[in-house]
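Student: Modelling step: build the complete structure from the supplied sequences, incorporating the hints.
Here are the chains, one letter per residue:
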Amino acid sequence: MKPFLEISQLGKTYPTPNGAPAVIVEHFDLKIRKGEFITLIGHSGCGKSTVLSMLAGLTDITTGGIILSGKEVNSAGPDRGVVFQAPCLLPWMTAFENVMLGVDQVYYTADTEERRQIAEYYLTVVGLADAMHQRPAELSQGMRQRCGIARAFALSPKMLLLDEPFGMLDSLTRYELQEVLLDLWQKDQKTALMVTHDVDEALFLSDRVVMMTNGPAATVGEILEVKFPRPRSRQQLLEDPLYYELREQLIGFLEERSHVRPTRIAPPAPPPPAAPPRRPRFLGALTPA
Amino acid sequence: MKKFKLDWLLLPLFGFALILVAWSVSSATWAGNLPSPTKTWQASRDYVLQPFAKRGEMDQGILRFTWYSLQLVAKGYFLALLIGTPIGFFLGLSKTFTKIFDPIIQILRPVSPLAWLPLGLVLFLNAGKEAGTLGALFTIAICSMWPTVLNTAVGVRAVPQDYLNVGRVLKLSRWKTLTKILLPATLPYMFTGFRLSLGIAWLVIVAAEMLTGRPGVGGFLWQEYNALIYEHIILSIITIGLIGFALDRLMSLLEARFKTA
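Chains A and B, in that order, give the protein sequences. The first sequence begins at 123 in the working numbering and counts up one residue at a time. The second sequence begins at 46 in the working numbering and counts up one residue at a time.
To be clear, the hints were calculated from the coordinates, so they are not data collected in a lab.
Once the Cα atoms are required to be at most 20 Å apart in a straight line, the calculated EDC-like pairs of lysine to aspartate or glutamate come out as:
id: 1; chain 1: B; residue 1: Lys216; chain 2: A; residue 2: Asp182
id: 2; chain 1: B; residue 1: Lys216; chain 2: A; residue 2: Asp226
id: 3; chain 1: B; residue 1: Lys221; chain 2: A; residue 2: Asp201
id: 4; chain 1: A; residue 1: Lys153; chain 2: A; residue 2: Glu194
id: 5; chain 1: B; residue 1: Lys216; chain 2: A; residue 2: Glu194
id: 6; chain 1: A; residue 1: Lys153; chain 2: A; residue 2: Asp201
id: 7; chain 1: B; residue 1: Lys221; chain 2: A; residue 2: Glu219
id: 8; chain 1: A; residue 1: Lys193; chain 2: A; residue 2: Asp151
Tutor: As structure tokens, then:
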């Protein structure tokens, strides 16, 4: 079966002033099935957010490619709902208007009333029913991120991309929002990729945890299958000895093995570009190219 | 410094008193032609107490003159905003546009209104009776435009990338990106520009009226200088200052309203 999302040989380099380009990510391969919840974990600065940003189409891809349900990803679009780390709500709009901005874009054929209902539905599901007409400044950090989640889901995207969405929240709020997210993900049967550096968050939410090696030139290190039954409850997980085993493995990787580059069979190196043949000045036009 | 009751009122009053003393002493000693405060008040009483009286073309109550001036300033100022805001947007959005026009702007910006006015008069020479008005409008607009242009450009450049990313993810059209994201995000900067521009527009009006001889505070000031009624020069200066101050306060209030958004 063809994967829903296929990332192959993805790489990102930035030119630097002194010539040698900085390699952030390279040879990043990952296949994701429809409906899977994947977390991308790694040390900060390793390039996980860069991968996500390329998926979102917000950062240009240097090498390799991304195919999402048969289509190449090369620009940003509402078929990928992004939840940003800082929720990035527009401060001059209410929570409702922020969600509506996206809904208006995606459901342009629906009438106003239907669109309003969609926005209200998602805002209610994330628990903002009473606060949807307030501006971000009047909302707590956690409520803002709820709105960010509602905005992403309301687009009815093929895929959800979450960039450390709970990184700025206190742990109680984080737990609550993880459950909100998991609920919605299950209800809407979305495919999700989330960047995080929280081991417990990764285990609670995902089907597979993709561990990234340290940058520069970060890539996929190991992949951990998390086969707890769904729907999950935090309590059950904490009582399961397997949880601690997996946790051990994750932490082991992050502490000991994340700097080890995986041994990969290198693809045949492309032949070095041939030096342009020197042509005699005046006869140049006669030599076949 | 220790605060005491009513310091907000008493300290400024003390400042005014100092100036009054300096003024009286000057007119009594080294500046013989400078009318004293009392003489100034006596000569200005009619103009202040009947602020809207109209006795002749160049002999009207001070607020009536002010009203003429404000009308002209308003027209020139809105012209400046109308032209300056889009230019600011283009400067903020396009590096190429900036490279083309920034040197010109930097060169035109420091040119005095007194230098622009003759050019304005020449430009509208064929307009006949209206030449003076149009020339004055041109001068006000071109002199007061720059703070709006530059602040808008800075504001557009300062729009957080995060907000623009939201627009890109939602694939907002150019128009929607402009109206829903760029414009609201730039508004506080724009208003700072608008406030500074209004200050300049009010500065320019006096020069414009002096040279064109239009009825207004500036025209009145120049006429009374020529008529040797020096008291009215001081009356005009005080009026210009007070109105300028009031305009600035008004714009600050508006600005504060938009800052919270």
